[in-house]
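Participant: What follows is the residue order along each chain.
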Amino acid sequence: MDLDRQHTRLPAGYRVYIEADSNDNEEPISVCQALDISRSGIRLQLDRELALGAFIHLGVEASGEAPLILVAVVRWCRPLEAANGGDATTHWLAGLELQPATGSDYESWFALLDTLEP
Amino acid sequence: MLPAAMFPMASSVRELVLKRFTHPESLLRGAQIMAREELDEYVAAYSDTALSPLDAVLRAAEAVGDPTLPPTAESALLGWVGAAFAYWEQEFPLDPTLALKLRALKPLAAASALNDPRFLQPGAHPLHQLLDALHDAAIGWQAELGRSGESVVKLIDETCATLLDDGLVAGDARQRELQLAAATESAQRLRSRSLRMNQRVADVERARMRSNYARATAAGAINQCLGAQPLPEVFGRFLRGPWFDSAQLVLLKFGAPSAQWTQMQQAAQSLVTARLPGGESSSADAHSSAGAIRKLLERWLLSLQHQPDAVRRELGELEYQLLRLLGGQAVERAAQDLIEFEPSAQVQPAGDPALPATIAAEQWLLLRESADFTARLQVVLRQDEQQQLVLSHLSGQRPRSMGFAEFSQLLARGAVSLLHSGASFSRALAVSAGVKRAPAGQAPASQASAPPATALNREPAPQQLPDAAAPTAPAREHRELPLPPLGTWLGFHDIDPPLLAKLAMHDAVRRLVIFVNRKGVELRRLDEEQYLALIDGGLVDILETRSNFRDEVERARRRLQRHGQ
Numbered sequence: 001m002d003l004d005r006q007h008t009r010l011p012a013g014y015r016v017y018i019e020a021d022s023n024d025n026e027e028p029i030s031v032c033q034a035l036d037i038s039r040s041g042i043r044l045q046l047d048r049e050l051a052l053g054a055f056i057h058l059g060v061e062a063s064g065e066a067p068l069i070l071v072a073v074v075r076w077c078r079p080l081e082a083a084n085g086g087d088a089t090t091h092w093l094a095g096l097e098l099q100p101a102t103g104s105d106y107e108s109w110f111a112l113l114d115t116l117e118p
Numbered sequence: 001m002l003p004a005a006m007f008p009m010a011s012s013v014r015e016l017v018l019k020r021f022t023h024p025e026s027l028l029r030g031a032q033i034m035a036r037e038e039l040d041e042y043v044a045a046y047s048d049t050a051l052s053p054l055d056a057v058l059r060a061a062e063a064v065g066d067p068t069l070p071p072t073a074e075s076a077l078l079g080w081v082g083a084a085f086a087y088w089e090q091e092f093p094l095d096p097t098l099a100l101k102l103r104a105l106k107p108l109a110a111a112s113a114l115n116d117p118r119f120l121q122p123g124a125h126p127l128h129q130l131l132d133a134l135h136d137a138a139i140g141w142q143a144e145l146g147r148s149g150e151s152v153v154k155l156i157d158e159t160c161a162t163l164l165d166d167g168l169v170a171g172d173a174r175q176r177e178l179q180l181a182a183a184t185e186s187a188q189r190l191r192s193r194s195l196r197m198n199q200r201v202a203d204v205e206r207a208r209m210r211s212n213y214a215r216a217t218a219a220g221a222i223n224q225c226l227g228a229q230p231l232p233e234v235f236g237r238f239l240r241g242p243w244f245d246s247a248q249l250v251l252l253k254f255g256a257p258s259a260q261w262t263q264m265q266q267a268a269q270s271l272v273t274a275r276l277p278g279g280e281s282s283s284a285d286a287h288s289s290a291g292a293i294r295k296l297l298e299r300w301l302l303s304l305q306h307q308p309d310a311v312r313r314e315l316g317e318l319e320y321q322l323l324r325l326l327g328g329q330a331v332e333r334a335a336q337d338l339i340e341f342e343p344s345a346q347v348q349p350a351g352d353p354a355l356p357a358t359i360a361a362e363q364w365l366l367l368r369e370s371a372d373f374t375a376r377l378q379v380v381l382r383q384d385e386q387q388q389l390v391l392s393h394l395s396g397q398r399p400r401s402m403g404f405a406e407f408s409q410l411l412a413r414g415a416v417s418l419l420h421s422g423a424s425f426s427r428a429l430a431v432s433a434g435v436k437r438a439p440a441g442q443a444p445a446s447q448a449s450a451p452p453a454t455a456l457n458r459e460p461a462p463q464q465l466p467d468a469a470a471p472t473a474p475a476r477e478h479r480e481l482p483l484p485p486l487g488t489w490l491g492f493h494d495i496d497p498p499l500l501a502k503l504a505m506h507d508a509v510r511r512l513v514i515f516v517n518r519k520g521v522e523l524r525r526l527d528e529e530q531y532l533a534l535i536d537g538g539l540v541d542i543l544e545t546r547s548n549f550r551d552e553v554e555r556a557r558r559r560l561q562r563h564g565q
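Protein chains in written order, with our numbering: chain A, 1 to 118; chain E, 1 to 565.
Bear in mind the hints are in silico, worked out from the structure with no lab data behind them.
Each residue gets a CB set at the ideal place from its N, CA and C atoms; glycine is no exception.
Certain hints may be false.
Each computed EDC-like pair below joins lysine to aspartate or glutamate, with the alpha-carbon atoms no more than 20 Å apart [what the hints assert, rightly or not]: (1) E:Lys-519 to A:Glu-97; (2) E:Lys-519 to A:Asp-21; (3) E:Lys-295 to E:Asp-309.
Stretches of chain E that chain A covers, calculated by requiring three or more beta carbons in the stretch to come under 8 Å of a beta carbon on chain A [stated by the list, open to error]: (4) 485 to 493; (5) 549 to 562.
Start from the sequences and build out the full structure, keeping to the hints where you can.
Facilitator: Here it is, written out as structure tokens:
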């Protein structure tokens, strides 16, 4: 499934902070990885399943500076093994669509993409 | 001091001014009287605005060897304007930088007093209204505000430049009126904007105080359960987790003195003191007791009300441990971590100092913070229940909370004084003319029950602009949404039982606010109007049971950095 018909996808190994699954984890924040990014979305590899349609808060650490705080909606989520044969119980891939949320760093995200896109 | 609500005055103060400011006949005997045209020229040339208009005219005449004196009535008018400005600067002090800038309008006031009969009706002349409005907009300004105060300085600079460019007596009276009206409107807009921003601060702070109070009260009660004796770990986790969240919702919804809060505390007690009556116990007894306790707890588990799976999981674990405990099996117990909270957020004990009624929302204060700095602060919120004040600089900048006790100490030390505003220049004109009280029927109702005069409350409180059409409250369509940071938990009390939900996002384009559960699943979607209506109705509490997302991310990032990742 492609989130990104209008915008270029760029590979990215950024660290991404998301809210932990509070039922399983004492830490409020867990860390996962962005596989690729675009102006409208981000693809994550993470260790838990995200509910379809859920609103997720993300902190994307792009360049050692303060993470960009973003809001996204989960458009798809599937076990990693479906993609490349990994362990479905521990790794998942998720496609997230970014939202223009007040108080987020949505505009800074666009500024970041301006510097990255060819 | 005269109440702001009595302006504009319906009648002229000319007779009072002439009576008060006319020199005794003996002083003028034999003096030559200045021609009116000459007087106008002297007023037009008036540039040393530290002087009163009358002194300026007399000095200028003396400097050129002119032996004439202004006519009696004109002399009285100029004396009155000078006295009014002096009173205005003394009793309604702005930051000296702005007071100096506004003195530039003193010659215009003098010229208007000589040429326009409306000037003799305090509050009726457009220049009175402008100075009143500028004062209201500028009262909180001080240089330390930096960029956030720039709009006030710009407005005053531009207003003075516009009005003085055309000379004191503008050729086109209509044009002058339009200039004055436009500047007044700009000042009123600036003040309204500041009020809106303060309202936003008040909304957020009110919710924060209530949630802090609920958090502290809930934590205090639960900590008593946690600290009384060693408990099974699962009990501790439950009490610190969903039970704590639920306790805050109950407190926000019903308050601490309520039967509901008492029952909830009793339910927690039944959990931590669970044991069967002495003597032989059967498995059936244990099941019955464990089931009863589970039922008690479930009733108050409001924070998980939309998550039946989570309720089953939480209570299932508890019930299992209860069964083991009540069945006489060995269950590991340990001292439990307590919930951290700020005890100061709890209700202050009775007997703490009450504050004068004048320390109310919108009242400006001068607070001496050090030997060389005095802050101009506005009371944004007064919460008697929590005995807390929220003060902020102009336009809601740098808000801070202060307990009544601390504020009372500052009062006692003389470190706080009131700054008066509202029809300030009109009031100064009237007082200087000798008006001593509001005409019958014009005094605001609040005067009748005003507290006895003290150094702090000698002025009745009304702060409204004299123009009834002037905006005194933000129009709904321009109101900014009182939104907490992303990820903040809110309690909605328009639903029974209350709904606990997290702020997922505000979409400014679609004017929507979306709330979710802890997994991000949407629970509620409100348009801005609906959200504001709930806020206005006191039906939304901003809970801070968890920090906001940005702060949490920053903490996680620092933690990783400490571990070299």
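Participant: The structure should be examined with respect to each hint, and the outcome stated for every one.
Facilitator: The hints, checked one at a time:
1. Of the supplied pair hints, the one linking Lys-519 of chain E and Glu-97 of chain A holds, its CA atoms being roughly 17 Å apart against a limit of 20 Å.
2. For the given pair, Lys-519 of chain E sits about 7 Å from Asp-21 of chain A by alpha-carbon distance, which is consistent with the 20 Å threshold.
3. Taking the CA atoms of Lys-295 of chain E and Asp-309 of chain E, the gap is about 16 Å. The hint holds against a cut of 20 Å.
4. Counting residues of the stretch 485 to 493 of chain E whose beta-carbon sits less than 8 Å from any beta-carbon of chain A gives 3, enough to reach three: the coverage restraint holds.
5. Remark: the stretch 549 to 562 of chain E is confirmed as covered by chain A, as 9 of its residues place a Cβ nearer than 8 Å to a Cβ of that chain, reaching the required three.
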